[in-house]
Amino acid sequence: GNSVTQMEGPVTLSEEAFLTINCTYTATGYPSLFWYVQYPGEGLQLLLKATKADDKGSNKGFEATYRKETTSFHLEKGSVQVSDSAVYFCALSDRDGGSNYKLTFGKGTLLTVNP
Amino acid sequence: DTGVSQNPRHKITKRGQNVTFRCDPISEHNRLYWYRQTLGQGPEFLTYFQNEAQLEKSRLLSDRFSAERPKGSFSTLEIQRTEQGDSAMYLCASRQGQALPFFGQGTRLTVV
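If you read the sequences in order, they're chains A and B. If you count the first sequence from 1, position 36 lands on 36 in the numbering used here, and the numbers rise without skipping. If you count the second sequence from 1, position 97 lands on 97 in the numbering used here, and the numbers rise without skipping.
For reference, chain A alone in the conformation it holds in the complex (with noise of 0.2 Å):
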């Protein structure tokens, strides 16, 4: 079956340092990869997505490359801010098209960042 590891957090950081999240699959098939992004009291939202090998989704100035050779999707961010504390979920879904979309989440990592 489908599974998502991710770096366990917490990760506390400081405003303007770099950010890396790890995050590796299994799956059968050729999954969507996505990042979703969850702010205290809200709901999940995506914050980015690739759907093939070697492709780069980006946002808000996060980036994440789908490297199929390592089955990993790492997120980074050059600089983060306060505003960027959240919970990041890395996440994948089948990619037949015509399928449920049933999401496959890792556990999340909580990103703390202090001024």
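The hints are simulated quantities; they were obtained by calculation from the structure and are not laboratory data. Bear in mind the structure is a predicted one, so any value in this text is a computation, not a measurement. C-beta atoms are modelled at their ideal positions from N, C-alpha and C, and glycine is treated no differently. A few of these clues could be false.
What the hints assert, rightly or not - Now the in silico label distances, taken between C-beta atoms and shown as ranges: (1) Leu110/A to Thr20/B: 24 to 34 Å; (2) Asn51/B to Ser14/A: 41 to 51 Å; (3) Gly1/A to Pro70/B: 29 to 39 Å; (4) Ser58/B to Thr5/A: 14 to 24 Å; (5) Tyr39/A to Asn18/B: 38 to 48 Å.
Assemble chain B onto chain A, guided by the hints.
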């Protein structure tokens, strides 16, 4: 309608009681999902509807859980004879066609 709406946002119930949550998807979204998120874990898939048909159920969905989507619009998730292990955030998501799903803010259930 600007998003997926879930009610109530918070529910505290005594062990053994029944609870029901509601999800109103984005208008015209024909696909609807329920996920459960326990503390320190990522969301886990529970069940999926396409219109009014429930097409998939996770083995996490025990006999005490039932979900419906009458007329293919809003959905309800009922838990009978709640247990402390049912305490979690219950998330609903909806999507249309091949678009990515949108998530609601969730219903946080606490069983005491």
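Each hint, compared with the structure:
1. Leu110/A to Thr20/B: 24 to 34 Å: 31 Å, holds
2. Asn51/B to Ser14/A: 41 to 51 Å: Given range 41 to 51 Å: holds, Cβ gap about 50 Å.
3. Gly1/A to Pro70/B: 29 to 39 Å: Roughly 31 Å apart at Cβ, these two residues keep to the hinted range, so it holds.
4. Ser58/B to Thr5/A: 14 to 24 Å: Given about 20 Å between the Cβ atoms, the range holds.
5. Tyr39/A to Asn18/B: 38 to 48 Å: 31 Å, violated
Against the hints set out earlier in the document, a violation occurs for number 5 only.
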